[in-house]
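Q: These are the residues of each chain, in order.
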Amino acid sequence: MNSTLAAVGMALTVLVTIGLAAYSSRLARTTGDFYVASRSVPAWWNASAISGEYLSAASFLGVAGLIMAGGADAVWFPVGYAVGYVLLLALVAAPLRRSGAYTLPDFCEARLRSSKVRLIASALVVLIGWLYVLPQLQGAGLALQILLDTPTWVGGLLVSITVLVVIVGGGMRSVTLVQGFQYWLKVVAIMVPVLFLLAAWRADASPSALTEAPPVFDDRTTVRIENPITVKVSDPITLEVEGAVDAVAVDGPVTWQIGEHTVAAGSTLIFPQGATVPHLSSVPQLTGVEWGQPLQSGQEHTLYRTFALMFALFLGTMGLPHVLVRFYTNPDGRAARRTALVVIGLVGLFYLAPSVYGMLGRLYSPELLLTGRTDAVVLLLPQAAVGGVAGQWLTALVAAGAAAAFLATATGLTVTVAGVLSQDIVSKRVRNPIVSFRVAAAAAVVVPLLLGLVAESLPLARAVSLAFAVAAATFSPLLLLGIWWPKLTDVGAAAGLLLGGVMATVAIGISTLIPDLTGWPGALLSQPAAWAMPAALFTMVVVSLRTAHRITPGVDRIMIRLHTPEAVGVQRTWTARGLR
Amino acid sequence: MTKPEQRPKRVVITGPRRDVRRRPSRPVTDEIDDQTRVGQVYLRSLIRAQLLLGLSTVALVVVPLIAMPLLFGFVPRVRELQVGPMPLWWVLLGILVYPAILGVGWWYVRQADRNEAQFTDLVEGR
Numbered sequence: 001m002n003s004t005l006a007a008v009g010m011a012l013t014v015l016v017t018i019g020l021a022a023y024s025s026r027l028a029r030t031t032g033d034f035y036v037a038s039r040s041v042p043a044w045w046n047a048s049a050i051s052g053e054y055l056s057a058a059s060f061l062g063v064a065g066l067i068m069a070g071g072a073d074a075v076w077f078p079v080g081y082a083v084g085y086v087l088l089l090a091l092v093a094a095p096l097r098r099s100g101a102y103t104l105p106d107f108c109e110a111r112l113r114s115s116k117v118r119l120i121a122s123a124l125v126v127l128i129g130w131l132y133v134l135p136q137l138q139g140a141g142l143a144l145q146i147l148l149d150t151p152t153w154v155g156g157l158l159v160s161i162t163v164l165v166v167i168v169g170g171g172m173r174s175v176t177l178v179q180g181f182q183y184w185l186k187v188v189a190i191m192v193p194v195l196f197l198l199a200a201w202r203a204d205a206s207p208s209a210l211t212e213a214p215p216v217f218d219d220r221t222t223v224r225i226e227n228p229i230t231v232k233v234s235d236p237i238t239l240e241v242e243g244a245v246d247a248v249a250v251d252g253p254v255t256w257q258i259g260e261h262t263v264a265a266g267s268t269l270i271f272p273q274g275a276t277v278p279h280l281s282s283v284p285q286l287t288g289v290e291w292g293q294p295l296q297s298g299q300e301h302t303l304y305r306t307f308a309l310m311f312a313l314f315l316g317t318m319g320l321p322h323v324l325v326r327f328y329t330n331p332d333g334r335a336a337r338r339t340a341l342v343v344i345g346l347v348g349l350f351y352l353a354p355s356v357y358g359m360l361g362r363l364y365s366p367e368l369l370l371t372g373r374t375d376a377v378v379l380l381l382p383q384a385a386v387g388g389v390a391g392q393w394l395t396a397l398v399a400a401g402a403a404a405a406f407l408a409t410a411t412g413l414t415v416t417v418a419g420v421l422s423q424d425i426v427s428k429r430v431r432n433p434i435v436s437f438r439v440a441a442a443a444a445v446v447v448p449l450l451l452g453l454v455a456e457s458l459p460l461a462r463a464v465s466l467a468f469a470v471a472a473a474t475f476s477p478l479l480l481l482g483i484w485w486p487k488l489t490d491v492g493a494a495a496g497l498l499l500g501g502v503m504a505t506v507a508i509g510i511s512t513l514i515p516d517l518t519g520w521p522g523a524l525l526s527q528p529a530a531w532a533m534p535a536a537l538f539t540m541v542v543v544s545l546r547t548a549h550r551i552t553p554g555v556d557r558i559m560i561r562l563h564t565p566e567a568v569g570v571q572r573t574w575t576a577r578g579l580r
Numbered sequence: 581m582t583k584p585e586q587r588p589k590r591v592v593i594t595g596p597r598r599d600v601r602r603r604p605s606r607p608v609t610d611e612i613d614d615q616t617r618v619g620q621v622y623l624r625s626l627i628r629a630q631l632l633l634g635l636s637t638v639a640l641v642v643v644p645l646i647a648m649p650l651l652f653g654f655v656p657r658v659r660e661l662q663v664g665p666m667p668l669w670w671v672l673l674g675i676l677v678y679p680a681i682l683g684v685g686w687w688y689v690r691q692a693d694r695n696e697a698q699f700t701d702l703v704e705g706r
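The listed protein sequences derive, respectively, from chains A and B. Mapping of the first sequence onto the numbering used here: position 357 corresponds to residue 357, and the numbering continues sequentially without gaps. To get the numbering used here, take the position in the second sequence, counting from 1, and add 580.
There's no promise every hint is true.
[As the list claims (entries may be wrong)] Just a few of them, taken from the derived set where beta-carbon distance is under 10 Å, the chain A residues facing chain B:
| no. | residue |
| --- | --- |
| 1 | 73 |
| 2 | 92 |
| 3 | 206 |
| 4 | 208 |
| 5 | 292 |
| 6 | 294 |
| 7 | 295 |
| 8 | 337 |
| 9 | 348 |
| 10 | 349 |
| 11 | 359 |
| 12 | 446 |
| 13 | 484 |
| 14 | 553 |
| 15 | 556 |
| 16 | 568 |
[Said to hold, decoys possible] With the Cβ distance kept under 7 Å, some of the chain B side facing chain A (calculated, not the full set):
| no. | residue |
| --- | --- |
| 17 | 622 |
| 18 | 626 |
| 19 | 637 |
| 20 | 638 |
| 21 | 644 |
| 22 | 649 |
| 23 | 652 |
| 24 | 653 |
| 25 | 663 |
| 26 | 666 |
| 27 | 667 |
| 28 | 668 |
| 29 | 669 |
| 30 | 682 |
| 31 | 685 |
| 32 | 700 |
To be clear, the hints were calculated from the coordinates, so they are not data collected in a lab. Beta carbons: idealized from backbone N, C-alpha and C, even for Gly.
Just chain A, same shape as in the assembly (with noise of 0.2 Å):
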């Protein structure tokens, strides 16, 4: 492939990136513009930049991939990412806004009062927002050794660098700036290939992707193995093979019988047309019939799977911080709520796309199931589908919006988790709350890095999906009472949110060691929110109404602070720490 339009797409991102951050960093200059861009950001830009920040490399690469392997129940998860943001703006918005806090930490020691609880609440922003990056950087690695055939490593390295240098410039005022940019880049680098993807499918004759076999190779297939892998063969084939199979160096011919095959890595596989593909071991083989129905995936519990999904993804959004910390920025609660309506509407435009890929994937480029790298289908696919000079400018294109969604939220993520780490950790030791800052943007950016080296790669969009799972176990309870019930005391908040962070955090370590879980087991601790949420939030409660006489004093000024409209002449005493 000639991947020199896709690297300057890419580069292009990052050059208008950091320009744009360079250029609004001027404007920036009190510490409040560095937090929350002094809170004077128009609601649909403000908008523009939540939804830039939100539509990551899960949402740009790994739905798309997730909707191709998986089919029908895969559509939870584009659907999933955009209902959250009902949730958000019908029980959390305005309140959130109109509590006057900067961060989730803030909210906590607003509420209840306690550094404790904040301590803790801070501990979990940092753990998820790590959670969150992870599958951003090794998004990067994956689509520039798709690209360019670089090291895994490079892409995550060199989105960590351009990351820290939009910080370091200037704070959020710029990252607000950049991410309404990255937002609208991203809707275009999505939208105009899906236009000629369908045009292309059309003069095709529109082949169904709703067939009664399981996908074929339209075309002699030439494929290049990258990593050691099993695949599982249904139909008997005959292909050419340059490398090792079963563990035999071959070059020529051979037969794979119904079973299980093994390849080795550097092999390259050529095979005829109209052959069935052989799909990964881990991966279910579907035909267009069973892939285009749900619960049909022929996985164990997949009804539990699929509700579970959901709890996660619906709350999971609430209690995301780096999504909470831009209500913030809107100047007040009504214009918080107008925030999160805009965000439902642009969210909504982009996630129409990741079906048209997954579907025309399956059709133009089926060998992506047999290696199982379908997080690429999105790269890949204009030039499979479209090709020529037009496929590799709308590569470009994709490969720029690509750029664009793991620069957006792995920015968001840093200053989120730098802003905790500064406030509560570094700031004790640095005085000058600026350089403070910019040293905790260098730890956060630094430590996903690293473990980005070892741990192993999962689908990108199942691998947000467990921080959506903490997020909704931990802070998603905490809010909801909070905002909403005067009776949750601190010691049920800590107890409840060190219950779900646990809960959540164990349950995901167990279902990552160990992928093969089956039954039961392997449901529950793979979509740990369903039951861990619930059990966090009865915790509060029943700690809460344990602890009664520890109720929040004054909390009935909080309430009204939290409820009643700015333009109401009451006394709304109290300030997050620290600000204002």
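Assemble the complex: chain A is given as a structure, and chain B must be docked to it using the hints.
A: Chain B alone, transformed into the frame defined by chain A:
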């Protein structure tokens, strides 16, 4: 004291003129600030209205979505339904769900603003 035959002197009995110099009533904002019973009642009613609205909004979106996998999973005939060349599932969850949640969100924002405007009128209008 007075003799019954003696007619009492006519006197004019008046109360303070309430219609002219009414004692200024306490604004509800003060009641809220002082966290009196009255203030609490007003605030609680606002919070209850907003919570009810929020939960209704969530239910309006989440209940149909939860019903989808059950409906499609257990009623095979629904699975066969198509809109043009596209299966119903993809029309609903690939496309229509996004304008639908935007519509519900818009409705919520309008209602929430209305609740707050009513509250503002109530506490500042006296």
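Q: Indicate, hint by hint, whether the structure satisfies it.
A: Hint by hint, here is what the structure shows:
no., hint, verdict
1, 73, "holds, 8 Å"
2, 92, "holds, 9 Å"
3, 206, "holds, 8 Å"
4, 208, "holds, 7 Å"
5, 292, "holds, 5 Å"
6, 294, "holds, 5 Å"
7, 295, "holds, 4 Å"
8, 337, "holds, 5 Å"
9, 348, "holds, 3 Å"
10, 349, "holds, 7 Å"
11, 359, "holds, 8 Å"
12, 446, "violated, 38 Å"
13, 484, "holds, 5 Å"
14, 553, "violated, 12 Å"
15, 556, "holds, 5 Å"
16, 568, "holds, 5 Å"
17, 622, "violated, 9 Å"
18, 626, "holds, 6 Å"
19, 637, "holds, 4 Å"
20, 638, "holds, 5 Å"
21, 644, "violated, 11 Å"
22, 649, "holds, 5 Å"
23, 652, "holds, 5 Å"
24, 653, "holds, 4 Å"
25, 663, "violated, 13 Å"
26, 666, "violated, 9 Å"
27, 667, "holds, 5 Å"
28, 668, "violated, 10 Å"
29, 669, "holds, 5 Å"
30, 682, "holds, 5 Å"
31, 685, "holds, 5 Å"
32, 700, "holds, 5 Å"
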